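S.K.: Let chain A serve as the given structure and place chain B on it in line with the hints.
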Amino acid sequence: MNVNIGIADIINVSFNLLTYIVGVIGMWNIFLKFGSKGYYALIPIANIYRISEYAGREKDGRFLMLFDFSVKIVSIVFAVIDENSTEYNILVMLLILLTICDLLYSVRVYIGICKAFEKSKLWIILWLTADWICFFIFGVFKSFRPSEEYRDVLKKAEAAELSGIVVPGGDSRLSVNLRQRSVRSFFRKFTLLRDVHLSIPTGHMVLLLGGSGAGKTTFLNAVTGYEKADADISLGSLDIYKDYKRMKYDIGFVPQQDLMRDHDTVYRTIADAASLRLPISISGRERTERIKAILDEFGLYPLKDSLVSKLSGGQRKRLSIAMEYISYPTLFILDEPDSGLDGVVARGLFEKLRSIADTNKIVMVITHTPDRVIDLFDDVIVLAKDAERTGRLAYYGPAAEAASFFGKNSMEEILLSINQVDEGGEGRADEFVRKYTNLVKTAGGEA
Amino acid sequence: MNKMHTGRFAQTFIYVGKLFRMFIYRNDWKVLPMAAIIAGLVSYVVAGNLFRTMEGTLRGTFALSCICIWNGFFNSIQSVCRERPIIKREHRSGLHISSYIMAHMIYQGFLCICQTVITMIVLNYAKAAFPTNSFITSSALFDIGITMFLTTYAADMLALFVSSIVRNTTTAMTVMPFLMIFQLIFSGGFFQLQGAALAVTDFTISKWGLSALCAEGNYNDLPNGAILTAMSAMDTNKLTDEGVPADVSIALDKLVKDPEIREAFMKKCGELSYNGKFESSEENILFCWFNLILSTVVFACLSVISLEFIDRDRR
Chain A
2 MNVNIGIADI INVSFNLLTY IVGVIGMWNI FLKFGSKGYY ALIPIANIYR ISEYAGREKD
62 GRFLMLFDFS VKIVSIVFAV IDENSTEYNI LVMLLILLTI CDLLYSVRVY IGICKAFEKS
122 KLWIILWLTA DWICFFIFGV FKSFRPSEEY RDVLKKAEAA ELSGIVVPGG DSRLSVNLRQ
182 RSVRSFFRKF TLLRDVHLSI PTGHMVLLLG GSGAGKTTFL NAVTGYEKAD ADISLGSLDI
242 YKDYKRMKYD IGFVPQQDLM RDHDTVYRTI ADAASLRLPI SISGRERTER IKAILDEFGL
302 YPLKDSLVSK LSGGQRKRLS IAMEYISYPT LFILDEPDSG LDGVVARGLF EKLRSIADTN
362 KIVMVITHTP DRVIDLFDDV IVLAKDAERT GRLAYYGPAA EAASFFGKNS MEEILLSINQ
422 VDEGGEGRAD EFVRKYTNLV KTAGGEA
Chain B
15 MNKMHTGRFA QTFIYVGKLF RMFIYRNDWK VLPMAAIIAG LVSYVVAGNL FRTMEGTLRG
75 TFALSCICIW NGFFNSIQSV CRERPIIKRE HRSGLHISSY IMAHMIYQGF LCICQTVITM
135 IVLNYAKAAF PTNSFITSSA LFDIGITMFL TTYAADMLAL FVSSIVRNTT TAMTVMPFLM
195 IFQLIFSGGF FQLQGAALAV TDFTISKWGL SALCAEGNYN DLPNGAILTA MSAMDTNKLT
255 DEGVPADVSI ALDKLVKDPE IREAFMKKCG ELSYNGKFES SEENILFCWF NLILSTVVFA
315 CLSVISLEFI DRDRR
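Protein chains in written order, with the numbering used here: chain A, 2 to 448; chain B, 15 to 329.
Extracted from the complex, chain A is given alone in its bound form:
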């Protein structure tokens, strides 16, 4: 085979090699500056994902990596395909599409890098025209350093140790032994919640307190069996995970948003909810009576023929709760039922929930304004993000004792004490996780 290599080809290859080497040297140093291993720079495509992650653009980096990879694959196929074929035309179209996406995500990631290094966004021009030069400059020059905040992400933090507590099941209690709830995203494992062990008796109304990202919703989803965790959760003698199909009708979950069809009537909304949630063994007459009773109980009977869109915020919230309460669930969970309600209406709503708990039910509530209704709760569960940013149990016990445990006067102050420093809190989550573990162990392991 006769291959003609000209001087232009040699220059071209040499230049590409040079840009690659310079780029890798720069990238190697950037990794070191972030406190990571330099050899990541040698892994093509994945290296840019890693940098994106450090620059706080993990999601964009994920797409950039995929588009980068696709552009390379299409480019290779391009070289071996007939220029006059239909496939060639399709590939041209695909390559243009991928290149545009690749460019857009590159802009996002490069802006992230500039921000991490506290440099002007104007650098983006050089990043897009000759990224290898930028990698070199950002990596090699000492004046280019990522800000403290970005380097902190990689610091190995010391989170509170695992408690080793296990609560027994049985009786008519809700027993939670949640070892871990984690998710996998792009080959990486994220632990959202860990080491939560507690047991709630029926008839109790429990406040679930925690800062943003502390795992409150994750905890509720795990407890209800909606998103299974590595856990043993039982309600009475039944295992929620093993008997989920049966148990899900005995668990009511009221989401934060009023998820109902605006253009349906109040009566039909409740009636359809009843059709879904009530067992078919209940006669039609009994069902109609139950619907009427629920409408009455929640003060919605006079509005039964109104469209949901015509209801006020408080009425919508009551309807949303009534939809779940129609089956009289033993475990009743509400995610911020008072959001968007004024103080008087919210108080009335919580009093209603208190009366539900008093009928031997377990009512668990997330609220961001707990202090105005704290007297109505029996217990408080406090979840906090530990040093590894995983949700942990910082306290579970009587609402009246929570303030003294944390040395604070209100629930909002408690929240402030467990929140991370970068969230404006005191960053004492691990301290209280340890303190709570010791408290439980001293009391004989009963949470």
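Hints should not be assumed to be uniformly reliable.
What the hints assert, rightly or not - Beta-carbon label-pair distances, calculated as ranges:
(1) B:THR183 - A:GLU389: 34 to 42 angstroms
(2) B:LEU198 - A:ILE22: 26 to 34 angstroms
(3) B:ASP327 - A:ARG348: 31 to 39 angstroms
(4) A:TYR89 - B:VAL59: 31 to 39 angstroms
(5) B:GLU277 - A:TYR89: 45 to 53 angstroms
(6) A:ILE82 - B:LEU212: 12 to 20 angstroms
(7) B:ASP327 - A:ASP306: 31 to 39 angstroms
(8) B:ILE127 - A:VAL81: 47 to 55 angstroms
(9) B:ASP249 - A:VAL81: 51 to 59 angstroms
(10) A:ASP83 - B:ARG73: 28 to 36 angstroms
(11) A:PRO280 - B:VAL59: 54 to 62 angstroms
What the hints assert, rightly or not - The calculated DSS-like cross-link candidates involving lysine-lysine, where the alpha carbons are at most 27 angstroms apart (straight line), are:
(12) A:LYS249 - B:LYS102
(13) A:LYS60 - A:LYS246
(14) B:LYS252 - B:LYS268
(15) B:LYS271 - A:LYS190
(16) A:LYS362 - A:LYS243
(17) A:LYS217 - A:LYS243
(18) A:LYS362 - B:LYS17
(19) A:LYS293 - B:LYS17
(20) A:LYS143 - A:LYS116
(21) B:LYS17 - A:LYS243
(22) B:LYS102 - A:LYS229
(23) A:LYS246 - A:LYS217
(24) A:LYS249 - B:LYS32
(25) A:LYS246 - B:LYS102
(26) A:LYS60 - A:LYS73
(27) A:LYS190 - A:LYS243
(28) A:LYS246 - B:LYS32
(29) A:LYS116 - A:LYS60
(30) B:LYS32 - B:LYS17
(31) B:LYS141 - B:LYS268
(32) A:LYS311 - B:LYS32
(33) A:LYS116 - A:LYS38
(34) A:LYS362 - B:LYS252
(35) A:LYS353 - A:LYS436
(36) B:LYS17 - A:LYS246
(37) B:LYS102 - A:LYS60
(38) A:LYS249 - A:LYS293
(39) B:LYS282 - B:LYS271
(40) A:LYS305 - B:LYS102
Think of the hints as simulated: they come from the structure by calculation, not from any bench. As the structure is a prediction and not an experimental result, all values here were calculated from the model. Idealized CB from N, CA, C, for every residue including glycine.
M.R.: Using the frame of chain A, we list chain B on its own:
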């Protein structure tokens, strides 16, 4: 003991009821007058030559397929994605996704039938020359109506599937024009396609709708006036000045002006333009219908499968 709850069958009818209430209260009925307006506009342009000449029939049936696909897409493109969080909540409370999609299929079927009837009435008012011979049922109108219904319904299910996989109405409405363009370009009848592009046409609803409509309109038996339309604009007296022999010029003049010769010529052109895809036979029409029904079933099943993963939606 395990208590029994409402099964799939009963849930389907709960949701059918819900959808019909939405039809009234949410003004979902708007798609019906919209169908009449679109049919009116298209009829005004294509009804004159529809089922009269080959090119008029091809243009007209292509336009009819477009109406059907447009109607189908608009019926359901937003129907699932706009209430996705509600479905997620209801799924948590025991909703069977298959019942939910089946309810949509029943409701959308009703809408598609109404739209087909409206379109047929409008076409009739626009004096479209419907064929007199039928192939499957006892009425040609009914045959054409069924094809239009199946095309609308298949497009409706495709849009329902798209609505089931996207997260919001903005994305759905962004995707819809691309789907529409894809259906138009790859209908396989109107634009000349070759190779792999031709094979793609088998996967479009427009191809089967268009083929069935052409077959029902006796496309291959119709005269083809495309050449004569162009020749009519020609001044045959001047042809000899341009070097055309006089006898040829006289023959061409007769061809353009003599109605009998003109008719025979168009008929012959029609025979030479025979297209196997549009063969007017029971088998061909049934084959097209089968493909439309198959698309409907496949898209409905895909909708169920995609919505089964709704619990994975994040906040």
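S.K.: Work down the list of hints and note, for each, if the structure agrees.
M.R.: Status of each hint after checking the structure:
no.: 1; hint: B:THR183 - A:GLU389: 34 to 42 angstroms; in the structure: holds, 39 angstroms
no.: 2; hint: B:LEU198 - A:ILE22: 26 to 34 angstroms; in the structure: violated, 51 angstroms
no.: 3; hint: B:ASP327 - A:ARG348: 31 to 39 angstroms; in the structure: holds, 33 angstroms
no.: 4; hint: A:TYR89 - B:VAL59: 31 to 39 angstroms; in the structure: holds, 37 angstroms
no.: 5; hint: B:GLU277 - A:TYR89: 45 to 53 angstroms; in the structure: holds, 46 angstroms
no.: 6; hint: A:ILE82 - B:LEU212: 12 to 20 angstroms; in the structure: holds, 19 angstroms
no.: 7; hint: B:ASP327 - A:ASP306: 31 to 39 angstroms; in the structure: holds, 33 angstroms
no.: 8; hint: B:ILE127 - A:VAL81: 47 to 55 angstroms; in the structure: holds, 52 angstroms
no.: 9; hint: B:ASP249 - A:VAL81: 51 to 59 angstroms; in the structure: holds, 55 angstroms
no.: 10; hint: A:ASP83 - B:ARG73: 28 to 36 angstroms; in the structure: holds, 35 angstroms
no.: 11; hint: A:PRO280 - B:VAL59: 54 to 62 angstroms; in the structure: holds, 58 angstroms
no.: 12; hint: A:LYS249 - B:LYS102; in the structure: holds, 14 angstroms
no.: 13; hint: A:LYS60 - A:LYS246; in the structure: violated, 35 angstroms
no.: 14; hint: B:LYS252 - B:LYS268; in the structure: holds, 15 angstroms
no.: 15; hint: B:LYS271 - A:LYS190; in the structure: violated, 82 angstroms
no.: 16; hint: A:LYS362 - A:LYS243; in the structure: holds, 21 angstroms
no.: 17; hint: A:LYS217 - A:LYS243; in the structure: holds, 23 angstroms
no.: 18; hint: A:LYS362 - B:LYS17; in the structure: holds, 20 angstroms
no.: 19; hint: A:LYS293 - B:LYS17; in the structure: holds, 23 angstroms
no.: 20; hint: A:LYS143 - A:LYS116; in the structure: holds, 17 angstroms
no.: 21; hint: B:LYS17 - A:LYS243; in the structure: holds, 16 angstroms
no.: 22; hint: B:LYS102 - A:LYS229; in the structure: holds, 16 angstroms
no.: 23; hint: A:LYS246 - A:LYS217; in the structure: holds, 23 angstroms
no.: 24; hint: A:LYS249 - B:LYS32; in the structure: holds, 23 angstroms
no.: 25; hint: A:LYS246 - B:LYS102; in the structure: holds, 16 angstroms
no.: 26; hint: A:LYS60 - A:LYS73; in the structure: holds, 20 angstroms
no.: 27; hint: A:LYS190 - A:LYS243; in the structure: holds, 25 angstroms
no.: 28; hint: A:LYS246 - B:LYS32; in the structure: holds, 25 angstroms
no.: 29; hint: A:LYS116 - A:LYS60; in the structure: holds, 16 angstroms
no.: 30; hint: B:LYS32 - B:LYS17; in the structure: holds, 25 angstroms
no.: 31; hint: B:LYS141 - B:LYS268; in the structure: violated, 31 angstroms
no.: 32; hint: A:LYS311 - B:LYS32; in the structure: holds, 18 angstroms
no.: 33; hint: A:LYS116 - A:LYS38; in the structure: holds, 21 angstroms
no.: 34; hint: A:LYS362 - B:LYS252; in the structure: violated, 99 angstroms
no.: 35; hint: A:LYS353 - A:LYS436; in the structure: violated, 34 angstroms
no.: 36; hint: B:LYS17 - A:LYS246; in the structure: holds, 10 angstroms
no.: 37; hint: B:LYS102 - A:LYS60; in the structure: holds, 25 angstroms
no.: 38; hint: A:LYS249 - A:LYS293; in the structure: holds, 23 angstroms
no.: 39; hint: B:LYS282 - B:LYS271; in the structure: holds, 17 angstroms
no.: 40; hint: A:LYS305 - B:LYS102; in the structure: holds, 25 angstroms
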